[in-house]
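Protein chains: 2
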Amino acid sequence: MVISIVGIGLIGGSLAITLKENGFADSIIGVDINSDNIDKAYRRRLIDQDMSLNDAINASDIIILSTPVDAMRQLLPGILNQVEHQVVMDVGSTKVNLLNDIKQHPQRGRFVATHPMAGTEYSGPEAALPNLFDHKCTVICDAMDSDEDALEKVRDLYQSIPMKVLELDAKSHDVHTAYVSHISHISSFALALTVLAKEKDENRIFELASGGFGSTVRLAKSSPDMWVPIFKQNRDNVLDVLDEHINQLARFRSLLIKQDYDQFHQLIQESNEIKRIIK
Amino acid sequence: MVISIVGIGLIGGSLAITLKENGFADSIIGVDINSDNIDKAYRRRLIDQDMSLNDAINASDIIILSTPVDAMRQLLPGILNQVEHQVVMDVGSTKVNLLNDIKQHPQRGRFVATHPMAGTEYSGPEAALPNLFDHKCTVICDAMDSDEDALEKVRDLYQSIPMKVLELDAKSHDVHTAYVSHISHISSFALALTVLAKEKDENRIFELASGGFGSTVRLAKSSPDMWVPIFKQNRDNVLDVLDEHINQLARFRSLLIKQDYDQFHQLIQESNEIKRIIK
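Listed in order, the protein sequences are those of chains A and B.
Read in order, the letters of the first sequence are residues 0 to 278 in numbering that gives the first Met the number 0.
Read in order, the letters of the second sequence are residues 0 to 278 in numbering that gives the first Met the number 0.
In short, the hints are calculated from the structure, not lab data.
C-beta atoms are modelled at their ideal positions from N, C-alpha and C, and glycine is treated no differently.
Check before you lean on any hint, since a few could be wrong.
As the list claims (entries may be wrong) - Sample of chain A residues facing chain B (criterion: CB under 8 Å; computed from the structure):
#1 I139
#2 A142
#3 M143
#4 S183
#5 P223
#6 L241
#7 E272
To be verified - Derived pair list, reagent style DSS-like, types lysine-lysine, alpha-carbon separation capped at 25 Å:
#8 B:K199 with A:K135
#9 B:K197 with A:K231
#10 A:K278 with B:K102
#11 B:K170 with A:K278
#12 B:K152 with A:K170
#13 A:K197 with B:K135
#14 B:K231 with A:K231
#15 A:K199 with B:K135
#16 B:K257 with B:K220
#17 B:K199 with B:K102
#18 A:K257 with A:K135
#19 B:K135 with B:K170
#20 B:K199 with A:K170
#21 B:K170 with A:K197
#22 B:K152 with B:K170
#23 B:K274 with B:K163
#24 A:K197 with B:K199
#25 A:K220 with B:K274
#26 B:K257 with A:K170
#27 B:K199 with A:K278
#28 A:K135 with B:K197
#29 B:K152 with B:K135
#30 B:K220 with A:K135
#31 B:K170 with A:K274
#32 A:K199 with B:K278
#33 B:K278 with B:K163
#34 A:K163 with A:K135
#35 A:K199 with B:K257
#36 A:K163 with A:K274
#37 B:K274 with A:K197
#38 A:K278 with A:K163
#39 B:K135 with B:K163
#40 A:K199 with B:K152
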């Protein structure tokens, strides 16, 4: 199997390592408009060769889109214009707009929309990790709009890693990811800015910050080039969740102002329910 | 050296393991109003014996207060009434009120206010860990108000672990910890409530949530019995930081509403500066 990876960063690069290592891919072609990324991908031995997008499409069995999500929207219709037997899949964090764009495309069936739920706060080929996806979940969206053989190939790909495959409609996917991924990032960005805005003595932060702070602020290291397009594509859902999050913080604020510590205790106990869900 | 640990939970229990293991303590006495905690502490071999607080004070060289911070305020003046040569230290997250309470106490010098900057989201003797404090920072507050020999004993204790010892005045300590510890907890509690409030299908959260969400919401598992007293003792500082945090979230919200993605990108880039501080 020849696999092209369009956008050879953290996610694309990690897939490249895994699929080559487990034998699912015989050869990995790298496609990236950033020649630095191609250089780094060669040096990290993520790819066997690099090509232009057009050549890569013609040479591949599977084309994996792992660019920022706005670039995917620009690229996907043109790629579908060109494919025949090939399968195209994405690994992006938002789905509704992307799938609307190609709803009427005659080659819609060759595309499988997927979202492997794994990542780190780092980006670029240098951030690629060999076991990033092992035993995590991946979502396939609107599976009924993909051709049966394309779907089967993509399922085989994920099961080779192995990842657990779930199916969701695109709309539900975008709502759920706003809750379990996108809001966490905004919360971390805002927390980092909060501390940076007030704390001038940086060594003091560094020295006093323990694991708890590091954990809540870790995602604030994430790349704006990757994340701004996600917030843009999923704006309405993210706004809903952000409003709810600000409301929840305002409840804590109001209880502190009123010194209503019984109710404050009650709210923390309710939030502890997350234990049942996140191990 | 005989050491009493008053409040044998995560922090007290972890100190018990470490100080016994490294030989700093010859014997550990457990004191806890909760007899369940004493039972668990025996079963985990955290303590050599248990005593009433009065007996423990008389039998010890060092008394470590590791209860919730409001209980410390209730206990400390009475303990100081009783000590002669002994050293009393606390390991609490807030200092200003505790130290104000005993400012005029004739035995003030026997007390050393400390805060080892380490923990987990779990609590109780069963959560105690052998290497929780290794190579982390501990803060000693208002060191000039402690007797020289008491200070030296406490420094020796922390260096035996080993921990790095910093000095801060109590007021600065309470401001800094509001930023690097207390706000992270409120942010996590609120994030957990946000997701719990909107997501009814819990399995879906569990399946889709990746490491990023787990990381930002981890602290929401923390005990309200430990944390409400901290927010109560450090209310004014926590309110300042919480206001700032809500303002930062409101900036992101406003930019999303205006669809000003350039400025959104800029804000994320600013928040990325946290990289320089948190490795």
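Status of the hints after comparison with the structure:
1. I139: Violated. Min distance 13 Å.
2. A142: violated (16 Å)
3. M143: Given a least distance of 19 Å, the restraint on M143 (chain A) is violated.
4. S183: Constraint on S183 (chain A) satisfied, holds at 4 Å.
5. P223: holds (4 Å)
6. L241: holds (5 Å)
7. E272: holds (6 Å)
8. B:K199 with A:K135: Holds, at about 22 Å.
9. B:K197 with A:K231: holds (21 Å)
10. A:K278 with B:K102: violated (44 Å)
11. B:K170 with A:K278: Outside the cut-off at roughly 36 Å; violated.
12. B:K152 with A:K170: violated (62 Å)
13. A:K197 with B:K135: Distance ~23 Å between K197 (chain A) and K135 (chain B) Cα, so the pair holds.
14. B:K231 with A:K231: Measuring from Cα to Cα gives roughly 39 Å; hence the hint is violated.
15. A:K199 with B:K135: Roughly 22 Å between the alpha carbons, so the hint for K199 (chain A) and K135 (chain B) holds.
16. B:K257 with B:K220: violated (35 Å)
17. B:K199 with B:K102: Roughly 51 Å between the alpha carbons, so the hint for K199 (chain B) and K102 (chain B) is violated.
18. A:K257 with A:K135: Violated - the C-alpha atoms of K135 (chain A) and K257 (chain A) are around 43 Å apart, more than 25 Å.
19. B:K135 with B:K170: holds (21 Å)
20. B:K199 with A:K170: Given that 25 Å is the threshold and the Cα spacing comes to 16 Å, the pair holds.
21. B:K170 with A:K197: Holds, because 15 Å separates the two Cα atoms, which is no more than 25 Å.
22. B:K152 with B:K170: Judged against 25 Å, a Cα distance of about 24 Å means the pair holds.
23. B:K274 with B:K163: It holds: about 22 Å lies between the C-alpha atoms, which stays within 25 Å.
24. A:K197 with B:K199: violated (37 Å)
25. A:K220 with B:K274: Between K220 (chain A) and K274 (chain B) the Cα gap is close to 6 Å, so the pair holds against 25 Å.
26. B:K257 with A:K170: holds (23 Å)
27. B:K199 with A:K278: Since the Cα atoms of K199 (chain B) and K278 (chain A) sit roughly 18 Å apart, the hinted pair holds (cutoff 25 Å).
28. A:K135 with B:K197: holds (23 Å)
29. B:K152 with B:K135: holds (19 Å)
30. B:K220 with A:K135: holds (22 Å)
31. B:K170 with A:K274: violated (34 Å)
32. A:K199 with B:K278: With a Cα-Cα distance of about 18 Å, the restraint between K199 (chain A) and K278 (chain B) holds, given a limit of 25 Å.
33. B:K278 with B:K163: Holds. K278 (chain B) to K163 (chain B) sits at ~18 Å (cutoff 25 Å).
34. A:K163 with A:K135: With Cα atoms ~6 Å apart, K163 (chain A) and K135 (chain A) stay inside 25 Å; holds.
35. A:K199 with B:K257: violated (30 Å)
36. A:K163 with A:K274: Holds, at about 22 Å.
37. B:K274 with A:K197: holds (16 Å)
38. A:K278 with A:K163: holds (18 Å)
39. B:K135 with B:K163: holds (6 Å)
40. A:K199 with B:K152: The hint is violated at about 33 Å.
In summary, the numbered hints that this structure violates are 1, 2, 3, 10, 11, 12, 14, 16, 17, 18, 24, 31, 35 and 40.
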